[in-house]
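**Q** Starting from the given sequences, assemble the full structure and let the hints guide the process.
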Amino acid sequence: DALAPVLLAGYFSQQHCEVKLYNEVNSGFIEVFSAELLSWPDMVVLTGLTAGTTYWYCAIGQSSVGKSYGVLLSVVTPGAPVATTNAATAISGTGATLNGEATANGATTTAWFRWSATNPGTCDDLFGTRTPATGGTNVGVGTSPAPYTASVTGLTPGATYYFCAIAQNSEGTAYGAVR
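The numbers in the sequence shown follow our numbering, run straight up by one, and end at 230.
Certain hints may be false.
[Claimed, not checked] Using C-beta positions, here's what the derived DEER-type ranges look like:
1) G193 / L123: 19 to 25 Å
2) Y106 / N170: 39 to 45 Å
3) V122 / A210: 54 to 60 Å
4) V116 / N189: 45 to 51 Å
5) G121 / A228: 41 to 47 Å
6) Y120 / S167: 56 to 62 Å
7) N189 / A228: 21 to 27 Å
8) G144 / T200: 16 to 22 Å
9) L177 / S119: 53 to 59 Å
10) L177 / Y120: 51 to 57 Å
Because the hints were derived from the structure by calculation, they are not lab data.
Note that the Cβ used here is the ideal one computed from N, Cα and C, for glycine as well.
**A** Printed below as a string of structure tokens:
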């Protein structure tokens, strides 16, 4: 037998889970949800969640036979990335390897560098030359720093160059320090 449409409602934390499913004939707690939040009859949209936060949940099923608890699970809401500019390596008279790290924080993140012979003071996505010129390195969706590099050539021997790491995902753009 198919179930009537259900709604998910309840309270959850890392230590406790109280999530209940309500079908269309029940009333009570369900009134806190607005019908506008539902795009499908078996799904609820949670709003007001904080980016980069771990939320814990489980399902509880109950019938005249008894109550059953689902597995306690967690989901991390995506957050803005973090970009770190690391020291350049393989420095020669006309080239260098730029090094950076990006922490994606749960959303697909792309990373790149900006560099110039003029010190911009702070990193932004407007100064100097972008490397690569378009796109960048996909550093994934993880919550740990992922290293990435780019080689630059055609530098003037003896000149000082400045660069910074940049990372971007659906939640924002992060700028590393200028080195």
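**Q** Hint by hint, note whether the structure agrees.
**A** The hints, checked one at a time:
Between G193 and L123 the Cβ separation comes to about 22 Å, which falls inside the hinted range of 19 to 25 Å. A hinted range of 39 to 45 Å for the beta carbons of Y106 and N170 is consistent with their spacing of about 42 Å. A C-beta distance of roughly 59 Å is found between V122 and A210, which places it inside the suggested range of 54 to 60 Å. One distance hint, 45 to 51 Å for the beta-carbon pair V116 and N189, holds here, with the actual separation near 49 Å.
The supplied range of 41 to 47 Å is met by G121 and A228, whose beta-carbon atoms lie about 45 Å from each other. Judged by the Cβ atoms, the range 56 to 62 Å given for Y120 and S167 holds: they are separated by roughly 58 Å. Between N189 and A228 the beta carbon distance is about 23 Å. The supplied range of 21 to 27 Å therefore holds. G144 and T200 have their C-beta atoms about 19 Å apart, which keeps the hinted 16 to 22 Å range intact.
Range check, L177 to S119: Cβ separation about 57 Å, and the 53 to 59 Å hint holds. In this structure, L177 and Y120 meet the distance hint of 51 to 57 Å, their C-beta atoms being roughly 53 Å apart.
The structure shown violates none of the earlier numbered hints.
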